[in-house]
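Line by line, the protein sequences are chains A and B. The first sequence begins at 1 in the working numbering and counts up one residue at a time. The second sequence begins at 1 in the working numbering and counts up one residue at a time.
Keep in mind that the hints are not guaranteed to be accurate.
Chain A is faced by these chain B residues, among others (derived, beta-carbon under 10 Å) [stated by the list, open to error]:
(1) 44
(2) 61
(3) 68
(4) 82
(5) 193
(6) 254
Simulated from the structure, these hints should not be mistaken for lab results. Heads up, the beta-carbon is just placed ideally off N, CA and C, and yes, glycines get one too.
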Amino acid sequence: MALEISYDVIQVTLLSLYVSGCATILGSAIGIPLGAVIGLKEFGGKGLLKTITYTMYGFPPVVAGLAIYYLFSRAGPFGSFGILFTPTAMILAETLLVIPLTTGITITSVAEVDRSIKETVKSLGTTPRQSVLTVMREAWVGLVMAAMIGFGRCIAEVGAAYMVGGNIQGETRVLTTAIMLETRMGRFDYALGLGIVLIAVAMAVFFFLRLLQEKELL
Amino acid sequence: MKQSQIVIIAVAVVAILAVSTAATFVLMKGEPKKLRMATTTSTQDSGLLDYILPTFESKYNCKVDVIAVGSGQALEMGKRGDVEVLLVHSPAAEQTFVSGGYGTNRTPIMYNWFVIVGPDNDPAGTRNATSARDAFQKIHDNGTAGNAVFVSRADGSGTHTKELGIWSSIGYNNTTVAAFNTNWYKQAGQGMGAVLDMCEDMNAYTLSDDATYYSRVDVALIPHLNITKQGDSALKNQYSVILVNSTMWPHINKTLAKDFLDWISSTAGQDVIKSYVKYGHQLFVPNAPGYTSTTAITGFVDTSLFEDVTAGTSEVPEAMLMANDMRADAPRGRAIDGA
Numbered sequence: 001m002a003l004e005i006s007y008d009v010i011q012v013t014l015l016s017l018y019v020s021g022c023a024t025i026l027g028s029a030i031g032i033p034l035g036a037v038i039g040l041k042e043f044g045g046k047g048l049l050k051t052i053t054y055t056m057y058g059f060p061p062v063v064a065g066l067a068i069y070y071l072f073s074r075a076g077p078f079g080s081f082g083i084l085f086t087p088t089a090m091i092l093a094e095t096l097l098v099i100p101l102t103t104g105i106t107i108t109s110v111a112e113v114d115r116s117i118k119e120t121v122k123s124l125g126t127t128p129r130q131s132v133l134t135v136m137r138e139a140w141v142g143l144v145m146a147a148m149i150g151f152g153r154c155i156a157e158v159g160a161a162y163m164v165g166g167n168i169q170g171e172t173r174v175l176t177t178a179i180m181l182e183t184r185m186g187r188f189d190y191a192l193g194l195g196i197v198l199i200a201v202a203m204a205v206f207f208f209l210r211l212l213q214e215k216e217l218l
Numbered sequence: 001m002k003q004s005q006i007v008i009i010a011v012a013v014v015a016i017l018a019v020s021t022a023a024t025f026v027l028m029k030g031e032p033k034k035l036r037m038a039t040t041t042s043t044q045d046s047g048l049l050d051y052i053l054p055t056f057e058s059k060y061n062c063k064v065d066v067i068a069v070g071s072g073q074a075l076e077m078g079k080r081g082d083v084e085v086l087l088v089h090s091p092a093a094e095q096t097f098v099s100g101g102y103g104t105n106r107t108p109i110m111y112n113w114f115v116i117v118g119p120d121n122d123p124a125g126t127r128n129a130t131s132a133r134d135a136f137q138k139i140h141d142n143g144t145a146g147n148a149v150f151v152s153r154a155d156g157s158g159t160h161t162k163e164l165g166i167w168s169s170i171g172y173n174n175t176t177v178a179a180f181n182t183n184w185y186k187q188a189g190q191g192m193g194a195v196l197d198m199c200e201d202m203n204a205y206t207l208s209d210d211a212t213y214y215s216r217v218d219v220a221l222i223p224h225l226n227i228t229k230q231g232d233s234a235l236k237n238q239y240s241v242i243l244v245n246s247t248m249w250p251h252i253n254k255t256l257a258k259d260f261l262d263w264i265s266s267t268a269g270q271d272v273i274k275s276y277v278k279y280g281h282q283l284f285v286p287n288a289p290g291y292t293s294t295t296a297i298t299g300f301v302d303t304s305l306f307e308d309v310t311a312g313t314s315e316v317p318e319a320m321l322m323a324n325d326m327r328a329d330a331p332r333g334r335a336i337d338g339a
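Okay, chain A solo, but in the shape it has when bound (with noise of 0.2 Å):
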């Protein structure tokens, strides 16, 4: 059967990788500071912050997509922007599902870095920024997996994308609001097609994201 689907299926998969990878790219470079000082820093209420923080891995798509909705729609406080409908709105709905993954496993990994290696830093007489430096390279690991799983968040992610995004051919479809799409006018084919897709891509950007946690690439 020839293919008929009237959109670009290739423009379609690099909107998903490109809203995914702004997303998990903006959520962790707040992501991972927010969870290097809450992890490495001694203060009163951490503990309920690490609560809070962990609470929120579960923070559900749909209802970040429409806060983001709520807020950048023409009727609401920041609606002059323009931007709802647009990728951009997209990109700041999965960066609100990724920042509370990205700190909380930072969190974590800063947490189970050796406590002898925090203590020879400390020794040797370096500043604190050199210190938390060190501390860092020694989680990376644990960083590198904070950026995957936040990406296979959103890449996955169908609520959020919809609602802000609205599905548009050509601006603002992407693999998953594409799969709804087709399911709703059942074309399971298809639909199971766009899956197959979306998995590859997935799996490719896992394995790239894999290597650098291996430290292969570097």
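Use these hints to put chain B onto chain A, whose structure you have.
Structure of chain B alone, referenced to chain A:
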């Protein structure tokens, strides 16, 4: 890991992001005008929009961004200024929308048909029903007796609204319907295709738009579901275009929005709608004010369906059906403003 390698990776990542962002902007530049339209899933899923929109887009050198959601959500998007044009099929809610000042120029564009579908053995005997209302009564009576099952969309969509309107016309108001025994009345909260699949599985009845039904039959997903009642004018499904209030939302491209309305209600636009044939059926019948068909209807059309409407032989005036599920303070009848 060396410092220089981190820098290289960072530069590569930034470069990729920059290039893709730039590419997006370049692509956007190529399309000077955009029109954002919220519509119901049925117009997109049936393939109608993919068929008719390119004609408009090339004529006006623009792109129509289609966001396909339930009618309720589409109207809400219009209310919040997130879209510029609506193509919806929820007459009562549309009237409330327009009388609330959220939109103008509500114009009927086309209609299609709802059908009552049920399992092969038709346990409620809807094939012998004299009307859609009668069929619903039979399903209700057999349902409460444990002989039939009905699956409702129960998602606030135009189809769900129509279903509630029919229940209401035989004396079951929305509250009563919501409290129907779940043994026979299943409230799915799903799209039309999913509900049809459920009916196939559960030997149940439902109310479906004909396009989605035919599309499901076409891919052999619902071999045991048949149309058991059709053609009653109470089952007519009217679509209208509404322009979102551009005074309230100055960012709206009101010229292009009006161009779209003018085009789709013109003879050219209406003829394109009429020429769309899929699954061996003409799926949408254009009926904008003043439009008279200039070409013969192509494809298979059961003309008896139209006689029923034009001859006015239906038992239930449509206005009555709609009035039943409207808010008490909403205007009655089918008056279309500013058309």
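| message | Given a cut of 10 Å on the nearest C-beta pair, is the interface hint for residue 82 (chain B) held or broken against chain A? | response | At 5 Å from the nearest chain A Cβ, residue 82 (chain B) passes the 10 Å test, so the hint holds.
| query | Is the shortest C-beta separation between residue 61 (chain B) and chain A less than 10 Å? | reply | violated, 16 Å
| Hint check: is the beta carbon of residue 193 (chain B) less than 10 Å from a beta carbon of chain A? | Check passed: Cβ of residue 193 (chain B) comes within 5 Å of chain A, closer than 10 Å.
| request: Classify the hint on residue 68 (chain B) as holds or violated, based on whether any CB of chain A lies nearer than 10 Å to its CB. | output: Status holds, d = 7 Å.
| query | If you take the shortest Cβ to Cβ gap from residue 44 (chain B) to chain A, is it below 10 Å? | reply | holds, 8 Å
| message | Given residue 254 (chain B) as an interface hint, is its Cβ closer than 10 Å to any Cβ of chain A? | response | Status violated, d = 15 Å.
Checked against the numbered hints given earlier, this structure breaks hints 2, 6; the rest are met.
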